[in-house]
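A.B. asks: The listed protein sequences correspond, in order, to chains F and Y. Read left to right, the first sequence gives residues 815 to 1254 (my numbering). Read left to right, the second sequence gives residues 815 to 1254 (my numbering).
Source of the hints: derived by calculation from the structure; they are not laboratory data. No experiment lies behind these values; they were computed from the predicted model shown. Careful: at least some of the hints might be erroneous.
[As the list claims (entries may be wrong)] Derived, one-sided and incomplete: chain Y residues facing chain F with beta-carbon distance under 10 Å: (1) P1112; (2) A1116; (3) E1239.
[What the hints assert, rightly or not] Derived SDA-like pairs: lysine to any residue, alpha-carbon spacing no greater than 20 Å straight-line: (4) K868(Y) to S1244(F); (5) K1241(Y) to F1202(F); (6) K1226(Y) to D1160(Y); (7) K1054(F) to K990(F); (8) K1241(F) to K968(Y); (9) K1241(F) to F1202(Y); (10) K1233(Y) to S832(F); (11) K868(F) to T1245(Y); (12) K1080(Y) to R1025(Y); (13) K1248(Y) to P834(F); (14) K868(F) to R908(Y); (15) K868(F) to E1113(Y); (16) K1195(F) to D842(F); (17) K1233(F) to T1245(Y); (18) K1195(Y) to T1245(F); (19) K848(Y) to K1182(Y); (20) K1195(Y) to K868(F); (21) K1195(F) to T1219(Y); (22) K1254(Y) to F1202(F); (23) K1233(Y) to E1231(F); (24) K1248(F) to K990(Y); (25) K1195(F) to A1155(Y); (26) K1182(Y) to F1152(Y); (27) K868(Y) to K990(F); (28) K1195(Y) to L1235(F); (29) K1195(Y) to K990(F); (30) K1195(F) to L1045(Y); (31) K1254(F) to K968(Y); (32) K1233(F) to K1226(Y); (33) K1254(F) to D1204(Y); (34) K968(Y) to R908(Y); (35) K1248(F) to N1205(Y); (36) K1241(F) to D1193(Y); (37) K1195(Y) to S1244(F); (38) K1195(Y) to K1054(F); (39) K1241(F) to K1254(Y); (40) K1195(Y) to F975(F).
For every residue, glycine included, the Cβ atom is placed at its ideal position computed from N, Cα and C.
There are 2 protein chains.
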Amino acid sequence: MAYLITGAKVLSSESPYSFPARDVFISDEGIIEKVALPGKLSASSTHSDVVDAKNKILLPGLINTHTHAPMSLLRGVGDDLHLPQWLRTCMWPREARMDAKTMAIGTQLAACEMIRVGTTTFNEHYFHMDAIARVVDESGMRACLGYSMIDRKKSGDGIEFDFDGKGKDELAIGEKFAKEWNGKADGRITTSISPHATNTCSKELLVESARLAKRLDVILHIHLAETRTELAETLGLYKKRPAEFLDSCGCLLPSTVAAHGVYVSKSEVKLLASRKSSIAHCPVSNLKLASGGAAPIPEYLAAGVNVSLGTDGAASNNSLDMFESMKVGAIEQKNFRFDAAAVKADDYLKMATEAGAKALGIKAGVIKPGHLADLVLIDAKSPNLVPFTDNAGWLVYSAGPQNVTDTMVNGKWLMRERKLLTLDEEKILSTAQKTADGLK
Amino acid sequence: MAYLITGAKVLSSESPYSFPARDVFISDEGIIEKVALPGKLSASSTHSDVVDAKNKILLPGLINTHTHAPMSLLRGVGDDLHLPQWLRTCMWPREARMDAKTMAIGTQLAACEMIRVGTTTFNEHYFHMDAIARVVDESGMRACLGYSMIDRKKSGDGIEFDFDGKGKDELAIGEKFAKEWNGKADGRITTSISPHATNTCSKELLVESARLAKRLDVILHIHLAETRTELAETLGLYKKRPAEFLDSCGCLLPSTVAAHGVYVSKSEVKLLASRKSSIAHCPVSNLKLASGGAAPIPEYLAAGVNVSLGTDGAASNNSLDMFESMKVGAIEQKNFRFDAAAVKADDYLKMATEAGAKALGIKAGVIKPGHLADLVLIDAKSPNLVPFTDNAGWLVYSAGPQNVTDTMVNGKWLMRERKLLTLDEEKILSTAQKTADGLK
């Protein structure tokens, strides 16, 4: 089905953003074909539908570049605990009991939430990836999926790795998944090679991950300098800071998405910029887990690093709300620098859209001919969005999930007038509750 | 009309919070009369209505203890500017052009948003208070209203005050308003004496404000130590820090609500505790305006200070979302202290409910017999609220305005199934847009 969306104000394709009135024609292949002044387009084919979007705002779908979808089942478990205690006493024991079926229901739950908050694409780093991929397929969402690889030994006083055993097994699983699913679901699924982090993967695993990602021409998705522990352990092991060490392993590729990037030095910012790697900034999760400090966002932006935005998993956020992440990220940075101009609303809107698409190597995040029809409609007739001020701040500082009415991916509606179309939400919510209760 | 609300999970009346299943009977005087196990109550009078709240959560209405409602018209004006520049080039010129009619429409706009986000009471500090009071009356909301008094001279190199001229005039306006409206609108309106701050009011004005507030037995509402400028100017003028200076003026009363309270020393925390004054913590506004640092919330709580929660005006937030303020406040504190346990979800839920009622001297904020029927229903069958974990974190870290379905004040519905009943929302939004455009 092709669509002609009329009457909406449409996010401009470049920053500083505004919302000019435009009509948008979407081909039945799910591509934005034309963007024109109101009234200049007509539904050109017999199998096209006119969508009246009066009083609405048309946005590119939001792109969440770092999450762990099944962790939505663990939402609310161990709130207010310190990160190491939270991981050891709450997350790891439960994750060990999560099988493929559990992962599927967790992903369905996350997909319901993401579609409702206007997220069209997510970048996933977890386990039981086949189950997750099948849910992405059925949900109609777009995702970049990677199997989370770790070869650090669990016991022992020091830090020890087992590359020859665990590491090689992990690589084999990661490779198999990445090959099998890349390009599947009408191209909505792409894949990544996803080593966990610099203190949870051996040097060999990181080196091989980089080689594999290059060979398969897929994203390399990794956690980077999220916590002081990670920084300290990496320095202790290699006398190198995390980004420096990743670079020495060949892991800083133009196709690398490094999540968090909090404890990064000025010279590492330059290094990331020169390697053209992307950051997935996760401000809400960092604050909630008390990682401390703030990611050097103004420095990243000044150096030309592609900074995208993620929510992280719902267990550490506790939502998958990209609007919240935009606002919290921006105001946290302002306050941390004692400078209201340290970052701007435009920066954060770009992170959540265009920069996310760039990070994941997909032609989306902008409403422009030739781009994927991953789109969201916002109801501008809402008291929290009045007055309309025609700038990025209007959206970043005021809008929320309550304003999202419709979500489209690849030219297909996943939500219309707040009703989910591809997922049986009621059944998913009740199954998810039972499944989460069973993990206690 | 009396109501029997059945089938809901109801917020417990004490922290650590949980949500046991309870039925709640509300008298036609707007008072919570009975709270009992499910099935134990029946609609006892002929003029009562049974409300089926299955799958819903019943909360006390949220209490916003510091805002400037008409500033919703200035939402989005001067985002990303430094506070002094924002005030001088954006806020003050526009505020000077805002007349009573403008204030009324701004308050209507804010009321629409507040009712939608589950706020039932707000504590207001602004100008043209009669216009604001009339809107509170028609909207059905509850509010504590105070006329914002300033006697600092606008020009001049140093800081000069004009108590004998401006200050006395301001006091007269503030007193007249406070007397005239206290207890009006079926008791939904209470009033305050509202001197602006320690660096914008003369010592005489502060001393007289305290006397007046005591004499009239109303709230004293003031800004306290919001910015470093305010701290520096107060120290420069009086060799006292802001809370110390307020105390020397007699302004730290048990009925004092001091907004912000960011740049406060440990000894001032003790002083506030000993005077039993309340803080209106405004984390989102503080972050957005880059005030820097973080209010000493763990110290306030440890000392027994009554900490409530506010959004501040929508021009500096840019929303009136108390859910957001709970979450942002809590996660900001955790991160600032490098300690996920520095504050807990329970602390923030209490701030937004019970502590807010205590600050404003109203019998609300708790679902208990004898308390005002200011209530909110939340739809728990929402993907961002599954799984239900029966604790404060479930609400504080995951819920948002999209989950609020019904709002009641004084036993009367202001919103049912997301439809506003007391205000003509569509007309208000269109008038507000035109009015805001006219202020440019």
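A.B. asks: Please go over all the hints and tell whether each is borne out by the structure.
C.D. replies: Each hint, compared with the structure:
| no. | hint | result |
| --- | --- | --- |
| 1 | P1112 | 12 Å, violated |
| 2 | A1116 | 16 Å, violated |
| 3 | E1239 | 7 Å, holds |
| 4 | K868(Y) to S1244(F) | 14 Å, holds |
| 5 | K1241(Y) to F1202(F) | 15 Å, holds |
| 6 | K1226(Y) to D1160(Y) | 28 Å, violated |
| 7 | K1054(F) to K990(F) | 31 Å, violated |
| 8 | K1241(F) to K968(Y) | 62 Å, violated |
| 9 | K1241(F) to F1202(Y) | 15 Å, holds |
| 10 | K1233(Y) to S832(F) | 30 Å, violated |
| 11 | K868(F) to T1245(Y) | 18 Å, holds |
| 12 | K1080(Y) to R1025(Y) | 27 Å, violated |
| 13 | K1248(Y) to P834(F) | 18 Å, holds |
| 14 | K868(F) to R908(Y) | 30 Å, violated |
| 15 | K868(F) to E1113(Y) | 50 Å, violated |
| 16 | K1195(F) to D842(F) | 30 Å, violated |
| 17 | K1233(F) to T1245(Y) | 30 Å, violated |
| 18 | K1195(Y) to T1245(F) | 12 Å, holds |
| 19 | K848(Y) to K1182(Y) | 7 Å, holds |
| 20 | K1195(Y) to K868(F) | 29 Å, violated |
| 21 | K1195(F) to T1219(Y) | 18 Å, holds |
| 22 | K1254(Y) to F1202(F) | 12 Å, holds |
| 23 | K1233(Y) to E1231(F) | 16 Å, holds |
| 24 | K1248(F) to K990(Y) | 59 Å, violated |
| 25 | K1195(F) to A1155(Y) | 39 Å, violated |
| 26 | K1182(Y) to F1152(Y) | 37 Å, violated |
| 27 | K868(Y) to K990(F) | 46 Å, violated |
| 28 | K1195(Y) to L1235(F) | 17 Å, holds |
| 29 | K1195(Y) to K990(F) | 37 Å, violated |
| 30 | K1195(F) to L1045(Y) | 41 Å, violated |
| 31 | K1254(F) to K968(Y) | 62 Å, violated |
| 32 | K1233(F) to K1226(Y) | 30 Å, violated |
| 33 | K1254(F) to D1204(Y) | 13 Å, holds |
| 34 | K968(Y) to R908(Y) | 16 Å, holds |
| 35 | K1248(F) to N1205(Y) | 17 Å, holds |
| 36 | K1241(F) to D1193(Y) | 16 Å, holds |
| 37 | K1195(Y) to S1244(F) | 8 Å, holds |
| 38 | K1195(Y) to K1054(F) | 48 Å, violated |
| 39 | K1241(F) to K1254(Y) | 49 Å, violated |
| 40 | K1195(Y) to F975(F) | 44 Å, violated |
Hints 1, 2, 6, 7, 8, 10, 12, 14, 15, 16, 17, 20, 24, 25, 26, 27, 29, 30, 31, 32, 38, 39 and 40, counting from the list given before, are not met by this structure.
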